[in-house]
Amino acid sequence: MDTGTPDPGSATYAGSATRLLDTAAPDLGSALGGQFGVAHAWTVGLCALFVLVTLAITIRARRTTKGAVDFYAGGRGFSSTQNGLALTGDYLSAASFLGIAGMIALQGYDGFLYSIGFLVAWLLVLPMAQLMRNTGRFTMADLPAFRMRRMRVRLACTVSTVTVCVFYLVAQMVGAGALVSVLLGLHDGGTFLGLSAGQARTGAIVLVGVLMIVYVMYGGMKAATWLQIIKAVVLLSATGLLTVMVLALYAFDPRALLSGAAEASGHGQAFLEPGLRLGVEVPGEAAQTFFNKMDLISLGLALVLGTVALPHILIRFYTVTDGRAARSSVNRTIVMVGAFYLMTLALGFGAAAIVGSERIMSLDPSGNSAVPMLAEELGRLTAGPVGAAVLLALISAVALATILAVIASLTLASSSSIAHDLFGHILMWGRPRESQEVSVARFSACVIGAISIALAVQAQAQNVAFLVGLAFAIAAAANLPVIVLTMFWRRFNTKGVEWGIYGGLSTTLLLMLFSPVMSGKTDPVTGENLSMLPAWIDIQFFPMENPALVAVPVGFACAVIGSLLSPERNSARFTELRVRSLTGWGADRD
Amino acid sequence: MVEYMEGTSRRRGDGAGESPRPAGGRSARMRAEADMAHACERMSVDPRFVKLRRRFALQAGVLVGAFLFSYMSYLLLSAYARDFMSVQIVDSVNVALLMGIGQFLLTFVLAWAFGRFSAHSIDPLAEEIRDRARDEDTINGRVIG
Numbered sequence: 001m002d003t004g005t006p007d008p009g010s011a012t013y014a015g016s017a018t019r020l021l022d023t024a025a026p027d028l029g030s031a032l033g034g035q036f037g038v039a040h041a042w043t044v045g046l047c048a049l050f051v052l053v054t055l056a057i058t059i060r061a062r063r064t065t066k067g068a069v070d071f072y073a074g075g076r077g078f079s080s081t082q083n084g085l086a087l088t089g090d091y092l093s094a095a096s097f098l099g100i101a102g103m104i105a106l107q108g109y110d111g112f113l114y115s116i117g118f119l120v121a122w123l124l125v126l127p128m129a130q131l132m133r134n135t136g137r138f139t140m141a142d143l144p145a146f147r148m149r150r151m152r153v154r155l156a157c158t159v160s161t162v163t164v165c166v167f168y169l170v171a172q173m174v175g176a177g178a179l180v181s182v183l184l185g186l187h188d189g190g191t192f193l194g195l196s197a198g199q200a201r202t203g204a205i206v207l208v209g210v211l212m213i214v215y216v217m218y219g220g221m222k223a224a225t226w227l228q229i230i231k232a233v234v235l236l237s238a239t240g241l242l243t244v245m246v247l248a249l250y251a252f253d254p255r256a257l258l259s260g261a262a263e264a265s266g267h268g269q270a271f272l273e274p275g276l277r278l279g280v281e282v283p284g285e286a287a288q289t290f291f292n293k294m295d296l297i298s299l300g301l302a303l304v305l306g307t308v309a310l311p312h313i314l315i316r317f318y319t320v321t322d323g324r325a326a327r328s329s330v331n332r333t334i335v336m337v338g339a340f341y342l343m344t345l346a347l348g349f350g351a352a353a354i355v356g357s358e359r360i361m362s363l364d365p366s367g368n369s370a371v372p373m374l375a376e377e378l379g380r381l382t383a384g385p386v387g388a389a390v391l392l393a394l395i396s397a398v399a400l401a402t403i404l405a406v407i408a409s410l411t412l413a414s415s416s417s418i419a420h421d422l423f424g425h426i427l428m429w430g431r432p433r434e435s436q437e438v439s440v441a442r443f444s445a446c447v448i449g450a451i452s453i454a455l456a457v458q459a460q461a462q463n464v465a466f467l468v469g470l471a472f473a474i475a476a477a478a479n480l481p482v483i484v485l486t487m488f489w490r491r492f493n494t495k496g497v498e499w500g501i502y503g504g505l506s507t508t509l510l511l512m513l514f515s516p517v518m519s520g521k522t523d524p525v526t527g528e529n530l531s532m533l534p535a536w537i538d539i540q541f542f543p544m545e546n547p548a549l550v551a552v553p554v555g556f557a558c559a560v561i562g563s564l565l566s567p568e569r570n571s572a573r574f575t576e577l578r579v580r581s582l583t584g585w586g587a588d589r590d
Numbered sequence: 001m002v003e004y005m006e007g008t009s010r011r012r013g014d015g016a017g018e019s020p021r022p023a024g025g026r027s028a029r030m031r032a033e034a035d036m037a038h039a040c041e042r043m044s045v046d047p048r049f050v051k052l053r054r055r056f057a058l059q060a061g062v063l064v065g066a067f068l069f070s071y072m073s074y075l076l077l078s079a080y081a082r083d084f085m086s087v088q089i090v091d092s093v094n095v096a097l098l099m100g101i102g103q104f105l106l107t108f109v110l111a112w113a114f115g116r117f118s119a120h121s122i123d124p125l126a127e128e129i130r131d132r133a134r135d136e137d138t139i140n141g142r143v144i145g
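Protein chains in written order, with the working numbering: chain A, 1 to 590; chain B, 1 to 145.
Hints in this document: simulated from the structure, not taken from any laboratory. Take the hints with a grain of salt, since some may be wrong.
[Claimed, not checked] Beyond 10 Å from chain B on every Cβ pair, some chain A residues (computed):
(1) 48
(2) 53
(3) 81
(4) 210
(5) 288
(6) 361
(7) 386
(8) 454
(9) 520
(10) 521
(11) 540
(12) 545
[As the list claims (entries may be wrong)] Only part of the chain A face toward chain B is listed, based on derived beta-carbon distances under 10 Å:
(13) 66
(14) 113
(15) 122
(16) 126
(17) 261
(18) 273
(19) 275
(20) 281
(21) 334
(22) 335
(23) 580
(24) 585
(25) 586
Built from N, CA and C at the ideal position, the CB exists for glycine as well.
Based on the provided sequences and hints, a complete structural model is requested.
Below, the structure written as structure tokens:
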């Protein structure tokens, strides 16, 4: 399968191989090295198969997508198991699959802390799912707008929905680009079919972006949901397969796996304890230690509070028949997401023990390549070079499918918000023709997709985890206060919504701008600049990297103060909302 | 600042995009909305609805309280009680790892319990209230549900 072209990648690879992988078999090179090997052919083939199957489903979905309910909410006909799978698919982005497993492989226990936060968050979604299904119709703005039928409410919600979605989208697409360049072995100067690393990254971002636009424009929510269902099944089975293989190597004894990981990591027992990455204790600097620990708690809060307010998760509850189905789909999601994160634990520790952190770091310092490398190693141990190629290809294809499905949902969430809220309720005064609104939704999916492709190409060098964290923090600080107060506070009003959303949004963005992520962070040993801005700009005065601990209370305070400053109150609408959200009476009318 | 109410401010017949509504559509819609508001007002003081509301509040409160408490104490322990978290129990299995797995198990148990309680005490009550409201509407000669 080797193309035989004399490319410089092979030379680079040979050098790095002898330097880093001195005991590895040569077949490893053909897969994660710079040449077009068996694994690449398999990867491309499996990805093409996934894309073809999903495109066929999209075309089928198009045939049954007639009106707004079909486009935005998939006809509200999905069962709770289907929706549970789709929610799982929505939630488990590449950040979970590659990122968390990679973090566990490199930093041990602290990566596990992320997965706990991501899972526990669903307990907050559980009681809200039913209420949200019964109250809203298509978007997040429907919730507050049920009580306060003001356009300014819709506008504020559209702003925050689109902001969260775009940050998340860019993060996922940058991740796709990085993944492709690592998988093709282009990270250190190699080429692939004549493409350099930068070109391959850009190409991957554009390709993924165009595919997502096609899915959403053409098939709407039905296509997006089926895409998620297939992806969730594929992802869970692939993860399960790898987990069983890892455990089988250790005779199904988790203790042996743990000791093996701790030993191979070079950190010893500290690898299995908190503190390697999060909440680091700096000897002699009490203030820095304190802020590091606060940062850990702030991150934990953002993960837990952000999930319930993520727009693309929220609109999934509108695809089921009633509130009860919404609740039971969350129950099923919890089981699947929990099982997945438990398996990532095995994958992460397995990668640490079998592949070793040095080799993972050599390919990608952020650890995103840990799982593909683990798959290759497992395949080689089980079935020789062919096994390595097949398993690596399978995992790479699953990772790309994961990214593709998540960005399709995000695009759908933001284009629904633009079409339904901005166009339907603001520009057309709440009386658009249904066909017009759906056309606008298709068009805005195209625009949002194009904008995110452009942003993602620009932001290729950014840290993906930072962008995802920012999306969660904005959701927690801007959307959560509005959702919670809409449901439970009689005095809440238009001004409260506006203050809550704009206050939470700007606080998060400002704190992020003044945080060590943007400027003023240097490596204590080498003095190297670790921030996004060049070293001569230092505007840092907020000491934490995760703003949620401050931003969420500020968001709530803004919403409450805004409400109290305005005399507006509509008790009758609140009563109606409460009856409807709890009993579901009237929810089936529209 | 001008306040625009959704779907009410546009004068009828002032543009090509006007949706085809029957004559008197607006007043009929407002009447239906007033009826709905009245019906909801009545339902909200129904003792069964009050019971439903209390049950839901209690259940959701217990769920959110329990998980926030356990999760926050877990976070604080991993930030401030590193010595305790690193106590080894069997081989490499330490307290931190067991507490992490414990968070998973607690999540499963709480979710299962919430689903079960809802199915037993919330859903039947909500359905009863909904059915009764629908019956009343049919008697009044209107169909809402």
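Here is what the structure says about each hint:
no.	hint	in the structure
1	48	37 Å, holds
2	53	32 Å, holds
3	81	14 Å, holds
4	210	32 Å, holds
5	288	14 Å, holds
6	361	22 Å, holds
7	386	34 Å, holds
8	454	32 Å, holds
9	520	23 Å, holds
10	521	20 Å, holds
11	540	22 Å, holds
12	545	15 Å, holds
13	66	18 Å, violated
14	113	7 Å, holds
15	122	7 Å, holds
16	126	6 Å, holds
17	261	8 Å, holds
18	273	4 Å, holds
19	275	6 Å, holds
20	281	8 Å, holds
21	334	5 Å, holds
22	335	7 Å, holds
23	580	7 Å, holds
24	585	5 Å, holds
25	586	7 Å, holds
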